[in-house]
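Numbered continuously in full-length UniProt numbering, the sequence shown closes out at residue 532.
Since the hints were derived computationally from the structure, they do not count as laboratory data.
Heads up, some of the hints might be wrong.
[Claimed, not checked] The calculated lysine-lysine pairs, modelled on DSSO-like cross-linking and capped at a C-alpha distance of 27 Å, are:
#, residue 1, residue 2
1, 368, 355
2, 281, 358
3, 218, 115
4, 115, 57
5, 365, 402
6, 71, 103
[Unchecked claim] Pair ranges (Cβ atoms, derived):
#, residue 1, residue 2, range
7, 399, 336, 30 to 38 Å
8, 316, 128, 35 to 43 Å
9, 409, 373, 17 to 25 Å
10, 336, 313, 25 to 33 Å
11, 342, 316, 26 to 34 Å
12, 502, 316, 35 to 43 Å
13, 425, 296, 44 to 52 Å
14, 359, 188, 19 to 27 Å
Don't be surprised by glycine CBs; every beta carbon is placed ideally from N, CA and C.
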Amino acid sequence: MLLSRAKPALPADKKTQPGFTLSTVGDTAQAVPSFESLVSQRDFVGAQTILERDFAKALHLYEQLMEQGEKDQDVLLNRAICEFFSGMYEEADKHAQALKASKIQNRLLFHLAHKAGDEKRLMGYHHNLQDIPEDQCCLASVHYLRGHYQEAVDVYKRLQEEYPADHAVKVYLAMCYHRLDYFDISQEILTSYLQDHPESMTALNLKACNDFRLYNGKTAELDLKPLLDKGTRAFGFAADLINHNMTVFREGEGSLGTLTGLLDTLPEARLNLVIWHLRHKDPEQALALIESVDPMSPNEYILKAVCYVTVGQTTDNAEHIKTAQQYFQLVGASASECDTIPGRQCMASCYFLLKQYKDAETYMKSIKAYFGQNDSFNYNFGQIQVALGDYAEAEVSLLAVKSEAMRAEYVYLSHLARCYIHNKKPKDAWDLYLMLDTSSESFVLLQMIANEFYGQEQYLYAARAFDVLDKLDRLPEFWDGKAGACAGCFQQVLQGDQPAEVLEQVFDMLEAATQPEAAQMLSQMKKYLRLM
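With these hints in hand, go ahead and build the complete structure from the sequences.
Shown next as structure tokens:
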């Protein structure tokens, strides 16, 4: 059963829904059909509809009853409930408010006020809730839907103490602990429940979700094997949920089709489709999917921030980057997240975007033990360490990155090259450049290392870099750089800091130069050597 449907599950003209009419259940138009009455009449199709939680069929039945003049309050209330579970919130709200006040009506209106985001009405219906199991379960479910998972846990724990025979509360508790990232606790509770209810789709699905977070997708798939072996028809009301989760467990296999079809049914489908687009290097489409989403949970804030910063950096959009920074700060500074690993990641990202690298480093160090083998973590940490001038540690972090895609990025190459140069490994930096194909990025990298070589007095490699630049583009500054580097290298040979053999390379570069000054420099150098 889904409480999170975003759009109606029925077509606009729901009264023309085919395949189910009052003739199916005989002459029962003047009575509210119940499971017991339908079975006693041997109307197994009607009974199956109730057991299937097929709200579309049930709603169609109630609409026919209304057309025949039915005014029983229970029928009207059941119609509103079916509308609610079909995502027809406006219709459900209108019909529920017209009914005589009752406990069930109040619970329904409580949920509808949450769906509408009407805080004033929400608090009013909250005030009407009583200390009875049904009302308290309703309160806990709204806490859950609003992302107030600890508050929901408190309610469910009290209910579990008062009603230990109600095993369903265990599943609700396990769901809350899953949302709080206490996957091991959630799993422990589920193990107890599954001993009594081994074929529960809800429990098996949640167990799979826990194992996915604790281990991997293959382990999660094994949890669902009892359901999968029965075929998709056995999923019943959980079909959409299980199909969605199987797509996630298989690392996005078939995501575009499956998740797109579930956008209006499961909020998580939109979020996972956003992740799919990010992984497939389409951040603009990812942002388009999530831009209108009002984030409720820390994960939603984080995902939205990632979309904004990715698009902001690729398009040089300062406003997007600022928005991302604010979202990261909102999560990282919150009381509930400030001491969690995701919360500290968010603060590190916030300070990174603000260019407050020392603060970013502090947060990164606090979670390094958990991410030592994570490529993204090492990539980001390396950039922060370079910004702080800690080139030795930065080199270690950057070399720990294993992803070939990341290692091919200009940002990665430029930061690693700077590390090599500052760690007195100019040949390694030069080799990085030589491995690249000719492109605009390789040209920019060459300019960067040429100036870094020069600044670190690694004049031989500076001369090589400026020599290539001078041949590619006859700009005065490239010749000036080459001339200065050649002079510096000549001086290092005279001082004994470089072997005399390197002068052959310097002389070759000057002889090949077309500038008049090159011949004059070469002549002066050779003359000086003859006088020694």
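Each hint tested on the structure:
Restraint check for residue 368 and residue 355: the C-alpha separation of about 20 Å stays at or below 27 Å, so the hint holds. For the proposed pair residue 281 and residue 358, the alpha carbon gap of about 30 Å is over 27 Å, so the pair is violated. Of the pairs offered as hints, the one joining residue 218 and residue 115 is violated, with about 35 Å between alpha carbons and a cut-off of 27 Å exceeded. The hinted pair formed by residue 115 and residue 57 meets the criterion: a straight-line CA distance of about 23 Å does not exceed 27 Å.
For the hint pairing residue 365 with residue 402, the CA-to-CA distance comes to about 20 Å; that is within 27 Å, so the pair holds. Distance check on the hinted pair: residue 71 and residue 103 sit about 19 Å apart at the alpha-carbon level, within 27 Å; holds. Between residue 399 and residue 336 the Cβ separation comes to about 36 Å, which falls inside the hinted range of 30 to 38 Å. Judged by the Cβ atoms, the range 35 to 43 Å given for residue 316 and residue 128 is violated: they are separated by roughly 53 Å.
A beta carbon spacing of about 19 Å between residue 409 and residue 373 agrees with the range 17 to 25 Å that was offered as a hint. Hint check: residue 336 to residue 313, Cβ distance near 28 Å, so the stated range 25 to 33 Å holds. Take residue 342 and residue 316: their Cβ atoms lie about 27 Å apart, and the range 26 to 34 Å holds. Between residue 502 and residue 316 the beta carbon distance is about 41 Å. The supplied range of 35 to 43 Å therefore holds.
For the pair residue 425 and residue 296, the supplied restraint of 44 to 52 Å holds, since their beta-carbon distance comes to about 49 Å. Between residue 359 and residue 188 the C-beta distance comes to about 38 Å, which lies outside the given range of 19 to 27 Å.
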